[in-house]
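**Q** Listed below are the residues making up each chain.
There are 2 protein chains.
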Amino acid sequence: MKVVEDPDVLASTTRKWQTNGQVVGLVPTMGALHAGHQSLIERARSMCDRVVVSIFVNPIQFSESSDFLSYPTPIDSDLDMCQTLGVDLVYRPDAKRMYPEGFSTSIHVARLTDAWEGRDRPGHFDGVATVVTKLLAASRADKAFFGQKDFQQCAVLRRLITDLDLDVEMVVCPTVRDHDGLALSSRNERLSAESRRNALAIPTSLRSLQKHFDDGQTESATLCDSIVQALTDNDLVIHYVEIVDSTDLAPVGTAQVGNVVIVAASSGGVRLLDNHILT
Amino acid sequence: MKVVEDPDVLASTTRKWQTNGQVVGLVPTMGALHAGHQSLIERARSMCDRVVVSIFVNPIQFSESSDFLSYPTPIDSDLDMCQTLGVDLVYRPDAKRMYPEGFSTSIHVARLTDAWEGRDRPGHFDGVATVVTKLLAASRADKAFFGQKDFQQCAVLRRLITDLDLDVEMVVCPTVRDHDGLALSSRNERLSAESRRNALAIPTSLRSLQKHFDDGQTESATLCDSIVQALTDNDLVIHYVEIVDSTDLAPVGTAQVGNVVIVAASSGGVRLLDNHILT
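Those protein sequences? They're chains A and B, same order as listed.
The first sequence finishes on residue 344 if you use my numbering, and the numbering steps up by one all the way, no holes.
The second sequence finishes on residue 344 if you use my numbering, and the numbering steps up by one all the way, no holes.
Just to be clear, a hint being listed does not mean it is correct.
Any copy, or any two copies together, can satisfy a pair, since identical chains are not distinguished.
Heads up, simulated DSBU-like pairs for lysine-lysine below, C-alpha to C-alpha not over 30 Å straight-line [stated by the list, open to error]: (1) K208 x K161; (2) K161 x K276; (3) K208 x K81.
These are calculated hints, taken from the structure and not from any lab test.
These numbers were taken from a predicted model, which means no experiment stands behind them.
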C-alpha cells in the first residue's frame, strides 16, 4: 500500500492506472476510521480495480476551531485498517499543502446549503465542496464513495458533481450502526457512557416514526413531534427534526415514501446526525 | 471531426483516447474564431494527440446582457476553421445544458479578481472560473490553452487550477496582433473604421512604453502617463492603465523586467484589452 502526500504524485499514479484501463475509486475520509468507513472501502473494493482512501481533517469545513483541534487523528490504526482492507493508496496531504499561502479559491453550492447543517455551521459546506473537488481532481477518481449518514452532504455533493460536469460516479452507501443502533461517527468517541445511552433515543425514535408512518400517519408535524418528545425526554438538545424532500431538502407537509427524516441533536455537547429514508 | 453537445459524450470520448495513452488538449473559446484562436489550436495540435475546441458563449460571465446578446456567433465559419486546423472534436453545449434549472454551484477566486476587469465587471471572473472548471472536467483535458491577451484571466485560472489540484497543464500563448498591431479580439468586429484607427494608440503606446523603459525610465506613474496621454489624445475612454506584478497583479511603483503593463480602454464604446510584459 502506497502512502502519498503530494497531489501531483497521486494524480500521476492514478493516471497510470487509468491508462491501463483500471477503474479508480476514492473514499474521502477525515480519518478516525470506523466500520462505516470500512463499509465504504469494501464497497469501493468490490466496484473498482484500484482503491484510494484520502485521510484529511479539513480545517476549512469546521466553523469552530475547538471542534477541529479536538478531532481524533489515530493515523496508525487508520493505516492498519486500510492495509487490511486491501486499499491500494492512502492520500494524506497536510494542511499547508492543501491550503498554502495565497490560496484563494472557494466553491459555493447555493440553496441546498441554506438550511439544516448549513444554517448551524456557517461556511461548512463551502469547505466540504472545495475539499471534495480538490480530492476528486487530484485522485482523478472514476467513482467516489460517501455515507448516507451525512445526508445533506450527499445532496450537496451530488449537485456539485452534476453542476461542474465532474466525470465521476457518486456512490452513496447505507449508514452503518453500532449494535445498539447508534449511527457510527468519529464523534461518538467523545460521548460519555450516559450521553451515549441518551443518544440512542435518536435511532429508536426514527424506527418508531417509520412504524407510525406504516400505520397511516403521514402528517410531518405529527410524525416529527414524537421524535422531538423522545429526544427531549433524553436530555438531548435538538438542532432540527424534519421530514424533507430527498433532492432539494425542502420540508414536506405530508410525508411519503422516499422522503427523508433528518435529525441533528447534541448529547452531552456532542453534535450527532442521523436520518431515515421512509419506506 | 466530431461535434458533441453532451458533456457525458465528451467525457466518454476523451476517456477512451486517454485509455489509449493519448494526450488530450482543450482550447476553450466563445467562438467567433480568429487568428488568435488559430494560434492556440495550432499550439495544441503540436503538443497533444487529440485536440478539443469548446465553443460556448458563457452567459454567466457577462455582466451586461446586451454585451452577451450581441456577441458574434458565426458557427459555420468556426466549424470550418476547426476542421481545417485538424481539430478532433468540437464541444458545443447549449446554455440550458450548461446551466439547467436548479444549477447552484459557483466558484470564486478571491483577491486576484478584486481589481481591473473584476472591478469593472462584477461577477465576470466567477463566471469564467465556473465555466472553465466545467469545460476542463467534461473534457478531462491534460493540457489547456489560453491567450496572454486576457492576462488577468490567465492569472485567475492559474490560481484556480493550482488551488483545486486540477490535473491539467495550463499553456499560455502570446497575443496575436493584426498587421496594424491591434490585439485580435472577437470584439474588434464591432469597431467602426474610425474607432479602430483610434484604438491603435493602445499597441503603439505599449511599444513606446517599452522604449522609455529601455531608456532607463522605471517609475510606473511616469511610464503609464505617456499611455494615458496617447489614449486620451485618440478619444479612448480609459478604464485602467497600470504596471503590475505578473502573479498577484498588484501595482508596482518601480517597474522591472517581468512586470506587466495592463490596459483597458474603450474606443467608440467597444471595450478593448491589451498588455505587455516588460523585457
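**Q** Each hint should be assessed against the structure and marked as holding or not.
**A** So, going through the hints one by one against the coordinates:
no.	hint	in the structure
1	K208 x K161	both (27 Å within a copy, 26 Å between copies)
2	K161 x K276	neither (49 Å within a copy, 43 Å between copies)
3	K208 x K81	both (16 Å within a copy, 16 Å between copies)
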